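These protein sequence lines map, in sequence, to chains A and B. The first sequence begins at 1 in my numbering and counts up by one. The second sequence begins at 1 in my numbering and counts up by one.
Hint data in this document are derived by calculation from the structure and do not stem from the laboratory.
With a cut-off of at most 27 Å between alpha-carbon atoms, the simulated DSSO-like pairs for lysine-lysine come out as follows:
1) Lys70(B) / Lys789(A)
2) Lys648(A) / Lys705(A)
3) Lys789(A) / Lys155(A)
4) Lys22(A) / Lys62(B)
5) Lys70(B) / Lys22(A)
6) Lys69(B) / Lys789(A)
7) Lys789(A) / Lys62(B)
8) Lys711(A) / Lys648(A)
9) Lys791(A) / Lys155(A)
10) Lys69(B) / Lys22(A)
11) Lys702(A) / Lys651(A)
12) Lys791(A) / Lys69(B)
13) Lys791(A) / Lys70(B)
As the structure is a computational prediction, the values presented were derived from the model and not from experiment.
Chain by chain, the residues run as shown.
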Amino acid sequence: MFLSIAIFIPFLIAIFIPFIYKRVPNRNIGWFVLVVPVLLFLFLASHIPTVAEGKTTIHTFRWIESAGIHFTTYLDGLSLIFGLLISGVGSLVILYSIYYLSEREALGRFYVYLLLFMGAMLGVVFSDNMMVLYVFWELTSISSFLLIAFWYHRKKSRYGAQKSMLITVTGGIGMLAGFVMLQSLTGTFSVRETIQVIDQYTGEGLFIAAMSLVLLGAFTKSAQFPFHIWLPDAMEAPTPVSAYLHSATMVKAGIYLVARFTPIFGGEKIWFYAICCVGIFTLFLGSFNAVRQTDLKALLAYSTISQLGLIMSLIGLGSAATAQGMSTQSAIFVQATFAALFHLVNHSTFKGALFMVVGILDHELGTRDVRRLGGLMAFMPVTFTIALIGSFSMAGLPPFNGFLSKEMFFEAMLSLRGLDLFSLGAWGAIFPVIAWVASIFTFVYSMIIVFQTFFGEHHPERIERPAHEAKPGMLIAPSVLATFIIGIFFFPNLIGDYLLRPAVKGLYPTLSNVESMIPAITVWHGFNTALWMTIGVIILGVVLYWRLHSWKGIYTAAPMRLNLDTMYNGLLLKTEEGASSITRFYMTGYLRDYVVYIFTFFILIVGGVFFTNGSFSIDLSNDAPIAANEYIIIFVMMGASIAIIFAKSRKTAIILNGVLGYAIAILFVVFRAPDLALTQIVVETVTTALFLLCFYFLPEWKMEKLPKPTKLVNGLIAVSAGVIVTVIALAAQGNKLFESVSVYFENAYDLAGGKNIVNTILGDFRAFDTMLEVVVLFIAGIGVFTLIKLKAGKEERDVEDQ
Amino acid sequence: MKINDVILQTVTKIVVFIILTFGVELFLSGHNNPGGGFIGGLVLSSAFVLLYLVYDIETVQKGIPFDFKKIAAIGVLLAVGSGTGSMLFGSEFLTHTFSEFTLPVFGATELGTVVLFEAGVALTVVGVVVTIILSISEDV
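Excised from the complex, chain A in its bound form:
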């Protein structure tokens, strides 16, 4: 119950931020915002003991019974880890941003977006219902879009925001399709219920399709190959955002999704291979590309891609345990999952700290280009220490937490050799090799961060502001993370026992005694292969770093120029060209053409259906006799409509059109429908006023000189549209296919407490329709307003090209 409400707290506070910001238009607004994640963190942390005992909490708000969509929150070990990361890193990032962002920035907007993201991300990890999960998932994409484009006057920011949005939302929609397929198989949107019944459906064709689509969603979000191209461009966002969304939380949503769906899809060969291969390849590609970056933030972006690939490949390996059940082999897989979650936490600590360090460099010195930095150790001792801790942890060196999870990663990859699994055969030996090579590159770029920035010669002329240490406030958040990096190394089992074990249990609900397979984390394993691999990484890494200038040439070799970014840009350009050429083809600018399209379509489709089905049977026997006054009204309407065609001025035409409308209102009165009559009369009045307003802008009404054939076609279309409507009305009246539903509404007074049935339908029985109609009306109103008020004047600059 409290958990469900906790998700909405960030959204609620976000509503009030603009009002508070009006009162406190300076950086102090950040302190208000900081309270939210801190409280959420404490609240979630209070659940650690109960979750560690293996208890899970579930709470449901009933929502839409008929569609099976309910607001269900589910707290287990897996979601708790993510929840703690979101609120914990969120607190530190907000603390950091208070000092990072200048007071001239639109701080109110920034914190609204950030809170929006926080709420959405909590929603993703705590939702059990797939539809709700999907909505929150897309909300994270949207808030990420808004945050990347925070400095929207920059062209690159807009480009990066659009790119990330297009790629992640494409994946999200694929994922939605996957969820719908799963639901059509199992009949439920609940993840937990799906896990229980999925075994009966694994043979179905839709199962594989659903799996691929869910994977598409996860890979796009977690920047896995070939969708990783959006992450480097997303670095245009302010650094606190990059630290939060694009390294610690949002990009891990894909990993969460894969972990959450492992009990459903985990037994499948394709799932195992897709995740392992994509993950390990992304690991290599990311680390390989990171080395050549000169912008420190871009380097960290590629490094994030690579580390996400590492975690992904481990989770993929771990999924095999679902297929194996309780066996000795399963222990290997369970340990892989354990390592994945451990590295996930570690990555958030060291990468968060490194992003903040780069943010400090950028903020204090005005550049983050490694070619312009150097020799900063003496000027920025604290920043240097944090950078050292973070980088060495990333490189997998002791005594930092990255060493522990990196060793576990090597062990997991090594265990793939000679494993009898999914006809893997000798191919299993490739995995540890790639992992090892990628780790060497990881070592190299970690060294670049430390040595090229803080050692070497200092060139004051290359940086924009003289080198100096950052303000203490800015150093708090990265220092806390650095403390965690070392703390986790010395007390790894604290995290292991209280957070990671329950999470592994949450990942394998079908395995009963999964905790017994996980050994305690130890720093010293003896001289095993994994340790030798690490030693090899260090030796080769040092050599490669030393000789960096001599082998850097391979990055500019011919095959490297063929990259995915150019493909993306080309595809975007081609799509835009294609779309605009199609639009130009039929958007002629003549109202007549549009009316022709609409009515021709109507005539062909509706008339065609009537024709092919032979539904022209018209039965008039049940119809009421037509009274004299009804004849009069009808003849008036006929006269008015024929007169419109021959009207000489626009005013006459509008008034004649009004005659039609009021006559219909009178018809409603005759048929005793006072509600409809009232509505019709008022609508008619308001539209006439609107007509008269638009009237002002229209040119002179001239007699149109159209060629005879065009007139003939116009007449034909008009007459056939009229005939079809008449035929439909008569046929629908004559052939009753279903029982009337109106009986249900006759109890309106008992059911809804109203004597007016029309209104009980509008406000109660079909209130959902009315609500959405109101929303549509509002959107239309805003649309008219923006189209008219915000259009660029002739002399104004185009906002796009700033």
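For this one, chain A is given, so just place chain B on it according to the hints.
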């Protein structure tokens, strides 16, 4: 468009109040008699449209200093929010309830939560209609 029609302006001053009263009456009677949020809102907005037609926009805005976009937004929030309220009591989205109350002046009166929903509809209609008409007429 500057019109200066004394008779029309004098009549409008009185008629607007009659229309507004009628709109509120339609809104309130909607539960048991013809009327309701949508019609009530439309009648209210037609009163505003009449004012804008007879006087110029500046004069009316001095008299009714509302931002009609905000009114529309409040309306949508009210309509959607009245639906979520029921979820807090464990019912489904948009479930409405009603009950008899004895009020000091009106005696036994039936009050329903659907009124909130209908009020949202009415406010949205007023806000949107006036916004549309104003934006088009100001675009000269």
